[in-house]
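These protein sequence lines map, in sequence, to chains E and A. Each residue of the first sequence is one higher than the one before, counting from 1 in the UniProt record's numbering. Each residue of the second sequence is one higher than the one before, counting from 1 in the UniProt record's numbering.
Do not rely on the hints blindly, as some may be mistaken.
No distinction is drawn between identical chains; accordingly, a pair holds when it is met within one copy or between any pair of copies.
[Said to hold, decoys possible] Straight-line Cα separation of at most 20 Å, SDA-like style, residue types lysine to any residue; simulated pairs:
1. K43 <-> D253
2. K43 <-> R97
3. K164 <-> G251
4. K164 <-> T131
Hints listed in this document are in silico derivations from the structure and should not be mistaken for laboratory results.
There are 2 protein chains.
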Amino acid sequence: MASLIPVSDPADPRLADYVRLRDVNLRKSLEAEHGLFVAEGEKVIRRAVGAGHPVRSLLTSPRWTGPLADLLDGVDAPAYLVDDATMESITGFQVHRGALASLERLPLPSVDAVLATARRVVLCEDIVDHTNVGAIYRCAAALGIDAIVLSPRCADPLYRRAVKVSMGAVFAIPYARMTNWHDDLGKLRAAGFTLLALTPDQTVTPLDEVPIGDRAALMLGSEGDGLSSHWLDEADERVCIPMSAQAMANGVDSLNVTAAAAIACHALMR
Amino acid sequence: MASLIPVSDPADPRLADYVRLRDVNLRKSLEAEHGLFVAEGEKVIRRAVGAGHPVRSLLTSPRWTGPLADLLDGVDAPAYLVDDATMESITGFQVHRGALASLERLPLPSVDAVLATARRVVLCEDIVDHTNVGAIYRCAAALGIDAIVLSPRCADPLYRRAVKVSMGAVFAIPYARMTNWHDDLGKLRAAGFTLLALTPDQTVTPLDEVPIGDRAALMLGSEGDGLSSHWLDEADERVCIPMSAQAMANGVDSLNVTAAAAIACHALMR
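Looking at chain E on its own, in the form it has when it is part of the complex (with noise of 0.2 Å):
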């Protein structure tokens, strides 16, 4: 059971993992030192609770003590309770899902670990955006993906609005962080899988026309520049989702990374 702490001063070292949540340099660096990330609304957290990241500590107002009784009873850490002004003085935001909750993080499963078991794996090259990581996520777990496999430099699915936008969806797939960008695919090839680079060009294979093996991983490139000539020379297959003729003629050329991988997970479990 929580301890309920009312806490007055912003400025109190104990809220310290809660501060500035929107400054996402300050928010890596500092989530990165102390190994914990921070999850919001009831939701959410009693998903990151389930998925068995301890809790550090729980955020609150004294108005929502009461809605969030059964969290507060279940969770065993103190619940630091402030007021609305002091909660967005410390956060940089208006918290509307009445809690945060500062939680562990844990060791992130091996490449390998994760292929072991999963058919269709979802391949993200340097994502920058964390609503699109987030998106991705809630996409590829809604629609049965087995496993996703980050690059090393794509944006962390346990900043918090990747961790919101995903609807808790960061802890119902199982997911793991290349070490070596320029080696780590060979590690896919070995399992077995197929590697299908998703592109713009509409001059390869349609997704939908591309036979799916017992194994295939869908490589999704940055939002900016596509997949890397590396990742890309390293597929053994380039597909590409049907655009309108008249549209991109209109200059309406591409889809944003979130539909684009929507459609391009529908079809990998077809």
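Fit chain A to the given chain E structure using the hints.
Just chain A now, with coordinates in the frame of chain E:
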């Protein structure tokens, strides 16, 4: 050719079209009153101009007049030049894309007019989030949907955020707004459209398995509640995107509306 007019006072009435661009309620009344909308960034402004929207004015900063010379040359309207701090104090945010334009709205075609030549249509019921509206337009346009029909209360595709997220696709795909939520589905039926209601209900037919007739309309519901029972009842068929049973057991039980729209538009174009 635009006339370049330096302005230093953020309260200058000539800049009134650009005030508080993130204040949705203010913008709704201001834009309705003056019949205007705001586009952001050279590419999107060009598309708005290309779609025939007269330019009321441009707002940019002196350092952008060089990079935007082509745009400024081609527009016959005042271009107000302000420094970055003034730009932010007027608009309420940091404008990264160099220029804003205030443009005149044009009368929308009627529902019957946009249906006349369309075969594949997306119907949006009460989508409230401008980001989602913009993403649906981008996706629908890119995949070759012929037209979009909005319910009377659906969010405005010409709100700045929707225009931006759509990458200008709001100017590339014909659309109309219903005047009668209760009865206007009859116009689609009268025009020979099969009405397909997309729902998260996993007991209905997967969209991929439904025969798509000569004319088909995909009905998308609002973010929170989905389609109203009235629209569901009026549909010819309820269709779903199959979700992973394991994900649903883990509480990942839905796609967001833009991911669902992407998959469904792709299926509709098969």
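Tested hints:
1. Taking identical chains as interchangeable, the C-alpha atoms of K43 and D253 lie at most 20 Å apart only when they sit on different chains, with a minimum of 13 Å there against 37 Å within one chain.
2. Taking identical chains as interchangeable, the C-alpha atoms of K43 and R97 lie at most 20 Å apart only when both belong to the same chain, with a minimum of 9 Å there against 36 Å between chains.
3. Taking the shortest alpha-carbon separations for K164 and G251, only the inter-copy value of 14 Å comes in at or below 20 Å, while the best intra-copy value is 32 Å.
4. Taking identical chains as interchangeable, the C-alpha atoms of K164 and T131 lie at most 20 Å apart whether they share a chain (9 Å) or sit on different chains (16 Å).
This entry satisfies every hint, going by the numbered hints stated previously.
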